[in-house]
Amino acid sequence: MTKENLFERMVQAVVEGQKEETENLAKEAVKRRMNLLEVIEKGFVPGLQKVGELWEKGEYFLPELITSAECMKAATAVLQPELKKARIDAPSKGKVVIGTVEGDIHDIGKNLVASMLQANGFDVYDLGADVKLEKFIDKAEETKVHFICLSALLTTAMLGQRKFIEMLKAKNLSGTFKVLVGGAPVNQKWAADIGADGYAENALAAVKLASRLMAKWRYQEAKDEK
Amino acid sequence: MTYTIKILSHGQRIRARGTEVLADKILQAGIPLSLYCNKRGLCGKCFVEIVKGRRPLLGEKERFWLGQKNLGKNYRLACQYEINGDLEINVPALFISPEVPILPAIARSAVAPDPAVKKYYLELRRPDISSPHSLFEILLENLGYKHLKVPLDVLGELGRKLEVGKFKATVVVYREKEIIAVEPGNTTDQNFGLAVDIGTTTLVVDLVDLNTGRTLATRAALNSQVKRGADVISRISYASADPNNAAELRRLVLETLNEKIREILSRNRVSSASVYDIVVSGNTTMNHLLLGIPVETLAVAPYHAVFSRLSPLSALQAGFAIYPRGKVYLAPNIRSFVGGDIASGLLASRLSSKRGNFLFIDLGTNGEIVLKAGSKLVATSTAAGPAFEGMNISCGMPALAGAIYKAEDNGAIKTFTLGNKPGRGVCGTGLIDLIAIFLGRGWISPRGAIQGEKKIIRVNEDIALTQEDVRQIQLACAAIKTGIRMMLKENHLSEDDLDGIYIAGAFGNYLNIRNSMKIGLLPRIDERKLVFIGNSSLAGAKLLLISAEKREKIESLIRKIRYVSLAADPEFQDYFIKALEFKTWP
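Quick note, the sequences are listed as chains A and B, same order.
Heads up: the first sequence at position 197 corresponds to 197 in the numbering used here, and the numbers run straight through without jumps.
Heads up: the second sequence at position 430 corresponds to 430 in the numbering used here, and the numbers run straight through without jumps.
Quick caveat, the hints were computed from the structure, so don't treat them as lab data.
The beta carbon of each residue, even a glycine, is placed where N, CA and C say it ideally should be.
Some hints here could point you the wrong way.
As the list claims (entries may be wrong) - Some chain B residues close to chain A (C-beta under 10 Å, calculated; not the full set): (1) SER240; (2) ASN244; (3) GLY385; (4) TRP443; (5) GLN474; (6) LEU580.
Claimed, not checked - Straight line, CA to CA, 25 Å or less: simulated DSS-like cross-link-like pairs of lysine-lysine: (7) B:LYS6 - A:LYS57; (8) A:LYS19 - B:LYS583; (9) A:LYS19 - B:LYS578; (10) A:LYS50 - B:LYS455; (11) B:LYS454 - A:LYS50; (12) A:LYS163 - A:LYS189; (13) B:LYS553 - A:LYS57; (14) B:LYS455 - A:LYS208; (15) B:LYS421 - A:LYS189.
Unchecked claim - Only part of the chain A face toward chain B is listed, based on derived beta-carbon distances under 8 Å: (16) ILE108; (17) SER115; (18) GLN118; (19) GLY121; (20) THR155; (21) SER211; (22) MET214.
Please model the entire structure based on the sequences and the hints provided.
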């Protein structure tokens, strides 16, 4: 099997949500002493991208999204220790603290966003549901994240999103973290009204949004250094 | 800066300030624009034609709906339109809430009348100089009571009332404890009560003859709170934002109810002063809003209510336009998201006195499920979202005239509309039929993907189901299915152990059982075990009105019910995701 063949099969395994196959392919790559960063870049990430395309076309829905995220998790579990052993740092796409805001215990949507971010190479700190607003800030400062993602399913919990942004302002932390909001009742207008840095309608849109903001951020940093 | 808005379709002219939202101004002008999604731009049901004035760039969803609804490019969603100039607009009839909703079927109840309010006719002897007993003492003695409570104003009127009737009088006694009125002459043949169902969407009032237990007339109306949000959570947010909002919601529901009560009484020649008893059945949020009790805690974890059961209130206190000392009894709430309407429904279905395992399901925005497992009663609620009410669905609408409520596939797809009006959209039961048909035809995969490139299925020229619509229905079905599955699992039962399923709610008899099983909304069981009980909330309210002892019964019933929180269960997500597939049980 050529390298290209192997990549193709990886893509297919992720798209079809075959967890065991994905895991085996990752092991195969390790066994063959392949460049693991290349394996991620050319085997697994394109699989995930394809899943995203199918989602956007309406072909895929939540179950497919979850199984492919699980495949990525399985692959990462195989590759990560090997990368560590070889002292190779897989470049982080960005760091995220995520949770459902206080007063709201619904977390399926949030879990999906967390897994998709993780599958796409973000470092994700998931605080769970019904999370006190202060806890988001504490964790974000402790882990020096780029993004704080606030989920709300109940319209009443949306107020928590607004309160959080006011809290950040009061603590003079507004520019330090980018605040992304989501949840069934949330929309772009709400995000703009409360001064959030972004809104995403679903898990894949969240990945795109975070990636875009991250690129902008890094560009800005590079420019500032000059 | 103020601007002028001419509503050409209604011949009205209103003033608006900059940055005000057009939908609000249209509502304030008294035009009941459909705002099912609480002005979030999600339901696509408030398009107006901008004849003259600024037309902002179309949003992605707006553009889609315009195409789908065959509207010209001058239309914009009123709820997303910020005013910043003079306007001339048309509000199409299509986007105005219809006035009177179609009534769901009502379960019959046969119970011997034994109302809380009883009338006793007395022919009294006037006091004379040889034994000048007090009037109240004479009254009590003739009634055969040692003691009864009496309000001071009734006492104050006692002498006059007795004089008017020449000492022939009818005494109105509440639950053998309190005299609430004295009427001159014999009025025992006139004892009326009202059963009131306060739904999040629909209000229903029944006028009941308490002597016979018969319903004399029924009136229904849209709950006018709808314009402040379609679902309970939106209403809670609205009420919590400002005390004035909460007061407004209370006023809105009372205004509509009292208007309907006035109508029904005058039509049946009953004086409002001779109505002494009201039973209200509603969900926990509706009950709180009706009484003006704060609702904030209902929507914030741990989601607790202020009250579950209450002693009867006076009509005056509760705000009902009947005899002020009349009583208002609220069917007790089980928990925050399983309310008095479900308690009433359980009472009406007589579920607890049956042997075996039964499910009681109320299908709506909030799907309430009660499982009777042997002698245990367990309840839960599951957020199905508004898809079954036709909201969040591009071609969706509530079960009103012009809604496709049923579809059949006999080689060709045939649709049926409510009121035989031309089809304007599809309501919940119609959506379930269509999905089952499309699945059968292979136009939708069990995972919900519409086959082919276009990702849209036309039902007729104006009505089509989109991929996003199918996804919304998947989510709604999965919520109900997950609720049922987890309840069964928690009680170590499978669907085969069920002796029956009761379906309550506005779906009524329109729900196609086979199609519901085909898409997995309901467990697959013998069709004969499925019973539609229609508006069981109203039926229960009637029982509580006709037979006072049922009030003790319902209060002891709700204390026996254990509540299970689905979202708090770690297995919920797994169950939910699995339930998204359209397929028959298991």
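Hints, verified against the model:
1. Of the supplied interface hints, the one on SER240 (chain B) holds, with its beta-carbon coming within about 7 Å of a beta-carbon of chain A, less than 10 Å.
2. Because the smallest distance between the Cβ of ASN244 (chain B) and any Cβ of chain A comes to about 17 Å, over 10 Å, the interface hint for this residue is violated.
3. The criterion of a C-beta within 10 Å of any C-beta in chain A is met by GLY385 (chain B), whose closest approach is roughly 8 Å, and the hint holds.
4. Taken as an interface hint, TRP443 (chain B) does not check out: its beta carbon lies about 13 Å from the nearest beta carbon of chain A, beyond 10 Å.
5. Interface hint status for GLN474 (chain B): upheld, as the beta-carbon distance to the closest one in chain A is roughly 7 Å, under 10 Å.
6. Of the supplied interface hints, the one on LEU580 (chain B) holds, with its beta-carbon coming within about 6 Å of a beta-carbon of chain A, less than 10 Å.
7. Proximity of LYS6 (chain B) to LYS57 (chain A) is assessed by CA-CA distance (about 42 Å); at most 25 Å being required, the pair is judged violated.
8. With a C-alpha separation of about 23 Å, the suggested pair LYS19 (chain A) and LYS583 (chain B) falls inside the 25 Å cut-off, and the hint holds.
9. Note on LYS19 (chain A) and LYS578 (chain B): the hinted pairing holds, with a Cα-Cα distance of about 16 Å set against a maximum of 25 Å.
10. With a C-alpha separation of about 18 Å, the suggested pairing of LYS50 (chain A) with LYS455 (chain B) holds against the 25 Å cut-off.
11. As the CA atoms of LYS454 (chain B) and LYS50 (chain A) are separated by approximately 19 Å, the hinted pair is consistent with the 25 Å bound.
12. Only pairs whose Cα atoms come within 25 Å are accepted, and LYS163 (chain A) paired with LYS189 (chain A) is accepted, the gap being roughly 16 Å.
13. Distance check on the hinted pair: LYS553 (chain B) and LYS57 (chain A) sit about 55 Å apart at the alpha-carbon level, beyond 25 Å; violated.
14. Pair hint LYS455 (chain B) plus LYS208 (chain A) holds up; C-alpha atoms about 23 Å apart against a cutoff of 25 Å.
15. Of the supplied pair hints, the one linking LYS421 (chain B) and LYS189 (chain A) is violated, its CA atoms being roughly 37 Å apart against a limit of 25 Å.
16. Satisfaction of the interface hint for ILE108 (chain A) is found here, the shortest Cβ-Cβ separation to chain B being roughly 5 Å, below the 8 Å cut-off.
17. Checking SER115 (chain A) against chain B: minimum C-beta separation of about 11 Å lies over 8 Å; hint violated.
18. At its closest, the beta carbon of GLN118 (chain A) sits 16 Å from a beta carbon of chain B; the interface hint therefore is violated under the 8 Å criterion.
19. Against a cut-off of 8 Å between C-beta atoms, the interface hint on GLY121 (chain A) is violated, since the closest Cβ of chain B lies about 23 Å away.
20. The interface hint given for THR155 (chain A) is met, as the beta carbon of that residue sits about 4 Å from the closest beta carbon of chain B, less than 8 Å.
21. The beta carbon of SER211 (chain A) comes no nearer than 20 Å to any beta carbon in chain B, farther than 8 Å, and the hint placing it at the interface is violated.
22. Interface restraint check: MET214 (chain A) against chain B, minimum CB-CB distance 24 Å, threshold 8 Å, status violated.
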